[in-house]
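Required output: the full structure, derived from the provided sequences and hints.
2 protein chains.
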Amino acid sequence: MESLSKNKIKWIRSLGLKKNRDAENLFIVEGEKMVLELIDLWPKNIELICTTDLNFSTKLPSYTTDEKTMRSISSLKTPNKLLAVVKKPQLKLKQEASFIVVLDDIQDPGNMGTILRTCDWFNVDQIVCSTNTVDVFNTKVIQSSMGSIFRTPVTYCDLSVFLEDTELPVYGALLEGENIYKQQTERKGIIILGNEGKGISEKIQTYITQAIHIPRFGGAESLNVSIAAGIILSEFCREN
Amino acid sequence: MESLSKNKIKWIRSLGLKKNRDAENLFIVEGEKMVLELIDLWPKNIELICTTDLNFSTKLPSYTTDEKTMRSISSLKTPNKLLAVVKKPQLKLKQEASFIVVLDDIQDPGNMGTILRTCDWFNVDQIVCSTNTVDVFNTKVIQSSMGSIFRTPVTYCDLSVFLEDTELPVYGALLEGENIYKQQTERKGIIILGNEGKGISEKIQTYITQAIHIPRFGGAESLNVSIAAGIILSEFCREN
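If you read the protein sequences in the order shown, they are chains X and Z. Mapping of the first sequence onto our numbering: position 231 corresponds to residue 270, and the numbering continues sequentially without gaps. Mapping of the second sequence onto our numbering: position 114 corresponds to residue 153, and the numbering continues sequentially without gaps.
Please note that a few of the clues may not be correct.
One copy or any two copies: either way a pair holds, since identical chains are not told apart in the list.
[Stated by the list, open to error] Straight line, CA to CA, 27 Å or less: simulated BS3-like cross-link-like pairs of lysine-lysine: (1) Lys45 <-> Lys83; (2) Lys242 <-> Lys107; (3) Lys242 <-> Lys45; (4) Lys237 <-> Lys120; (5) Lys58 <-> Lys116; (6) Lys179 <-> Lys49; (7) Lys221 <-> Lys45; (8) Lys126 <-> Lys58; (9) Lys221 <-> Lys120; (10) Lys72 <-> Lys227; (11) Lys116 <-> Lys179.
It should be emphasised that the hints constitute simulated quantities derived from the structure, not laboratory data. Quantities reported herein were computed from a predicted structural model and do not represent experimental measurements.
See below:
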């Protein structure tokens, strides 16, 4: 394997910024488990792989580097021995999707990645994000999605246009909503999750056809949005 | 209000390290909402309050500072106008607790804080942590708990000793566990949550009397531990 050049090091570092990822249509995946999954599921998207492991073998373009350089290009506290630069897949809307999660301005990359992983677990067909939702190719989103980004289709659009068009029931958690434990739910419909601080925006609330809420038993004022997502999806998937 | 001295600035910064928090028995709370809740719920624990707001008024010891200094003592990306140095409460075990969450080596501060907030929402009586679980007074734990630290009692101990003694049913998520949706559950018992990478340790698994699992519908290999906590607690609290 060739050694990673100074130019390539500089170029990989530049992909830490969204504007550079967007301009080059690339993103970064780190960690042995995720890179191996990537090689398995999206081999054609891999631009290059860097490794500190001299025994690592692949037919894909790959370069060796030392641990110090790996630390300098990695976004992780404890860099792993594998890092890949990946071509972004096309973000598209599946026409036949009937179990959909809509994200209305989710800002925290950790929440976004965890929501992706949870949607993958519950086999959500599609995630539709508002244009102000955090970039799904943000390194922290990718890392906390634990590979779910390779399986669950994500797209960005004007939510009003998307919701205007749908014939599916539209669910959203609102204070005045119905107790979710008492609703007859099935794996069908659109579930809207709102911004961490502001909740679902007023404009988007108007598209909700079934307002729901998770009953509170204690003192916390609210649930983290990814926890709410997990509980709501669990309720939709469990046999009632 | 007096202005924050250089010595105090240095001292507050030093509390970013666990060894200093432990030595002084103090921790830090940031943000307007949480500091106001703190003043309301734990006024006697407040050592001092720093603020950039000259109009802020309290009878508790408080100091003004400028935004630059606030940025230098804050752990937040966007520092807030209020920061408090707080005496740690005594971590204790409620004798009458019957709905308990046990954390077996949870490492990530964000997960720990989110679990605390979720336990508070579902009115868990007590959280019992293994001695290797992340420090509950870690700044990131405090911030992501959103004030739940003031309401839900937390303690650290040798889990074997604690679990050996209990007469409550002990639940734990294991691959071979029973489908949680089919279990008759009530708000009673001990729920064990395992480490992010390794799950529940072998030794602690031996105390489980009711192995459970959350059914998987899609491709993700596992759920984030705080999401699993949310779904399990929701199942225990919903009317079956």
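Handout entry: Hints not upheld, ascending by number
Key = Per hint list: 2, 3, 7, 9 and 10 violated.
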